[in-house]
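For this one, chain A is given, so just place chains B and C on it according to the hints.
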Amino acid sequence: MAEITEESLLHLAKLCRIHCSPEKRAELFRDFQQIVSYIELLSEVDTEDVDPCNYVIAGHGKTPLREDASSNTLDRELFLQIAPESIAGLVRVPTILTSLKE
Amino acid sequence: MHSLSACELHRRFIAGEVSAREIADTFLDRIRRLDPALGAYLEVFEESVVEQADRLDRKRQGKESLGLLAGVPIAIKDNINIKGEKTTCASKFLENFVAPFDATLIRRIREEDGIILGKTNLDEFAMGTTCENSSAHITRNPWNTNNVPGGSSGGSAATVAAEMASIAFGSDTGGSIRLPASFCGISSFKPTYGRISRYGLVAFGSSLDQIGPMAYRCEDLERIMQVVAVPCEKDSTSLPDPAFSPISFEKRFGDGFTVGVPWQFLEGLPNETRALFDRAVETLTSMGAKVVEVDLSILKYAVSTYYIICTAEASTNLARFDGIRYGVRSDRAQTLDEVYDLSREDGFGDEVKRRIMLGTFVLSSGYQDAYYRKAQKVRQLIINKFNEAFSKCDCIAFPTSLGGAFTFEEKKDPLSLYLEDLYTVGANLTGVPVMALPSGFLSDGRPLGFQLFGKQRHDAELLSIGRAFQEATDYHTKRPKGGDK
Amino acid sequence: MSEDNWEAVIGLEIHAELNTASKLFSSDCNRFGDEPNTNISEVSVALPGTLPVLNKEAVRKAIQFGLATQGEVQLWSRFERKSYFYPDCPRNYQITQLEFPIVKGGSITAFVEGEEKRFFLNRVQLEDDAGMLKHFSSFAGVDFNRAGVPMIEIVSEACMHSAKEAVAYAQAIRSILDYLDVSDCNMEEGSFRFDVNVSVRKKGETELRTRSEIKNMNSFSNLEQAILFEIKRHIALYESSDVVDQATFRWDPDTSRTILMRTKEDAQDYRYFPDPDLLPLILTQKEVDAEKQYLPELPLDRERRFCREYGLSTQQSYLFTADRKLADYFEETVKMCDNVKMVANWIAIEFAGRFKEMGISIWESEIQPKDVGELISMIQEGTITGKIAKSVADEMVKTPGVSPKEIVKSRPEFQPFQDMEKLKKIVEEVVLEHPDTVEAIKNGRDRSFAFLVGQVMKRTRGSAPPEQVNKLLKESMKSK
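Chains as they are written, first to last, in the numbering used here: chain A, 1 to 102; chain B, 1 to 485; chain C, 1 to 480.
Be aware that one or more of the hints could be misleading.
To be verified - Here's a subset of chain B near chain A, in silico, CB distances under 7 Å, partners left out:
no. : residue
1   : Val292
2   : Arg325
3   : Lys353
4   : Ile356
As the list claims (entries may be wrong) - Straight line, CA to CA, 25 Å or less: simulated DMTMM-like cross-link-like pairs of lysine to aspartate or glutamate:
no. : chain 1 : residue 1 : chain 2 : residue 2
5   : C       : Lys202    : C       : Glu213
6   : A       : Lys14     : B       : Asp337
7   : B       : Lys478    : B       : Glu282
8   : B       : Lys86     : B       : Asp35
9   : C       : Lys264    : A       : Glu6
10  : A       : Lys14     : C       : Glu265
11  : B       : Lys300    : A       : Asp31
12  : C       : Lys82     : A       : Asp51
What the hints contain is simulated information worked out from the structure, not anything from laboratory work. Everything numeric in this text was worked out from a predicted model, so none of it was measured. Cβ atoms here follow ideal geometry from the backbone N, Cα and C, with glycine treated the same way.
Okay, chain A solo, but in the shape it has when bound (with noise of 0.2 Å):
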């Protein structure tokens, strides 16, 4: 059983990028365990000799390979107007004060 404690739930929350606000962890809190605690009762299948379903439709299951033929589909002007903010042709965002990834 996934021991849910707030701590992990702060956690979670930075992974998946949702900011959670003070009032509303406790409700979160309580909602996430109950849901967790109904999806337990799958431990009670047994899954021994199964494999994990890679793709539903039986008899079809080959990835289709598309022509190495390049067009550009979207036009640029069109997509720095859709951005929040731009500027010289970049989409625009705060400085990165430290490495966040590789």
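Below, chains B and C without anything else, positioned relative to chain A:
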């Protein structure tokens, strides 16, 4: 005119008995009068509809060839992209997002001259059972405006039920077309997984999602399936099967057919629901069906399995909503972290947040085996059980829900809402086609529906049974009171 | 520091962008250097409702690389979502292959400090690249041209034990990619990148100790320096009874040190799971085998052939075959003038030296193989001296594309000394002016002969053909 089937409307238009403009004006007028009380639409394309209609009339006058949907007014759930129009997914996040491309569905409708009326309401990002999770407004059930229409395709269901469109499209991940259709007394169809292209549908649960049509009559579902159920090279999960083509029930099942019923699994049904379901099965018998019992007790685990898989997929599908490239970026955001955190905090409703967190949890390190991988294995078991069942029958009957539409805010508990999906998620987990047809009314007048699951890729067979069922019954001819008939 | 007691264990992850026309999962253009956000599509910037479709050519190139490294091309492989949030990653997940990559195993041979060594590959996986983040003073900007570009990630076994081995391995991989023409392998443009994992252990230990990961090295010399730095750092920690923490670093070329990026605690949970928008990649053995016919002569085979056909040493052979275009250049030049030794010298030493400052290779210049061949032929025929040839070479570099014959024609000081009568006179003068030297030579002091030759050369400004000078001197001395 609004009560005519799509097929009949099309016929009259082609024959010159009615103009496209008359059709357009009728439906636009109806929407103006009825929708303020129902809230089915998020946006009505007033100008564009008139343009589309005028163009059709000119085409007909010029004796140009006209498509299979010429003259048919169609509504689209607002999680499907129409180029130049907003796709909001009923979310604050996308309230300003204008799609720069058409979904394949829309392209096909346009190619066959369908008239697109507007975008309908839904639960935010298709996550919900009542349409109450829309960030815009609620939608009311045309049969009783104190009741929910069902979700997540509540707007589309209400639109068709109130005859504010002949056909509407919704998306079905765990029952989101079938539940609202049944709550609203109309017919609906979720095709075999991959039958209708998902390109242009905002993804929720990628291995479960299917776009599907809703209308009062099966023949309209068949008509539109012919147009939109085609292979699509922009969707890797699209089936390469030839375009859908209706078949004759007499030819295929004239000698009888077999219906499987998981009686054991239905033991929890309330009496009235059970009575209506039994009556539907009797009707099938009268059509030549032999009824056999099938063992689908495994469905006890279906809701858990479904919620693990769909939220896992959704947590990654919704990761792209980060305020960077499109959508609403929080103006409080000073740092990059805040762009992500605050845009998503402001942009997403509670249910969406809950599901993203659950999805992240079941995929997270240390838990993935016990939850996500386990769920995929149980999914395979469910598929196996259905295969066993289908070896004995042509289709399997289920109720759509435990009861009829409930009132607003009656069910607030997330888990109790998830459990409403008990009878529907099996079709998404196994990829089989399924239709939900009106099967009668509860004593208080609320409509109810029943489902028939078919074998994978046997969509035409299933719909032919549906059409025959509607020839033997008249539930689908009833209309809600109020508004013009 | 007793480095001799310690053994380094090194593994390399190389990312090579494939040079397909379009991106891995969408049709937009795969091209470097264009205006930002011009090579995009709704799929590659992850607009809502978009879906990936796999590029056939990317698959073929991955197969070719697998075949070229004797890997096992998997007939069944699949794609996974790797989740992390970053502005250059449109979906906030990368589509990659973790559990079931397209190629498993394989090996390559590299030349390390005078000997051949074999190194083993663990896997090759297909994945899509992220866009580019450009940093400015108070903000950053994202260019999505690169988002979705196909890459293969080539993962080695942890089988290298020195920085030199790692560099040689990386160079050998690069050569193979170059020969196959599946990647531009351009480190400056980012189409060839590496991450390295380093750990050390006491010699004789079989277990692996904690490793650190280093990123952001964009040259082979950076790679070497970074590895050396980390090895030293690990050893120093162990020797002072401290521990090495598992962490990720980036190499800082300005301070020549590794800088901490992330500790193990901060490590990302990528939550890999199979991508439901894609079906498994299924190949037939026939399809895989069909790619064999497209394999060119590979670097190792060409190296062996160069040794055999041209009599080059292993060292020289590796040098000339590292780059396909250089090897092509070499062979074409040899065809022109048939003197392997001189071709080797002129390409690897003379011209290489002249192009070093420009930072290019001879094959990147406008100087044609036929011009180098012509230069060598002129030396062989005695039309110009070796010394003049060097000056001609300088001019060739200044005016690439102008043939040596034309250069010599236009510069009188490069002209060979034609007037034999005049040369005879000069020789006579020199002999007469140095009777003692002549005497010494006659008495067996052969070395002094060079002095006389030098005197003649001085008076002809080096343009007299040496063989003629020798001949005339000898004749002249005979009569004295």
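Cross-check of the supplied hints:
| no. | hint | in the structure |
| --- | --- | --- |
| 1 | Val292 | 22 Å, violated |
| 2 | Arg325 | 6 Å, holds |
| 3 | Lys353 | 5 Å, holds |
| 4 | Ile356 | 5 Å, holds |
| 5 | Lys202(C) / Glu213(C) | 20 Å, holds |
| 6 | Lys14(A) / Asp337(B) | 10 Å, holds |
| 7 | Lys478(B) / Glu282(B) | 20 Å, holds |
| 8 | Lys86(B) / Asp35(B) | 19 Å, holds |
| 9 | Lys264(C) / Glu6(A) | 22 Å, holds |
| 10 | Lys14(A) / Glu265(C) | 14 Å, holds |
| 11 | Lys300(B) / Asp31(A) | 21 Å, holds |
| 12 | Lys82(C) / Asp51(A) | 22 Å, holds |
In summary, the one numbered hint that this structure violates is 1.
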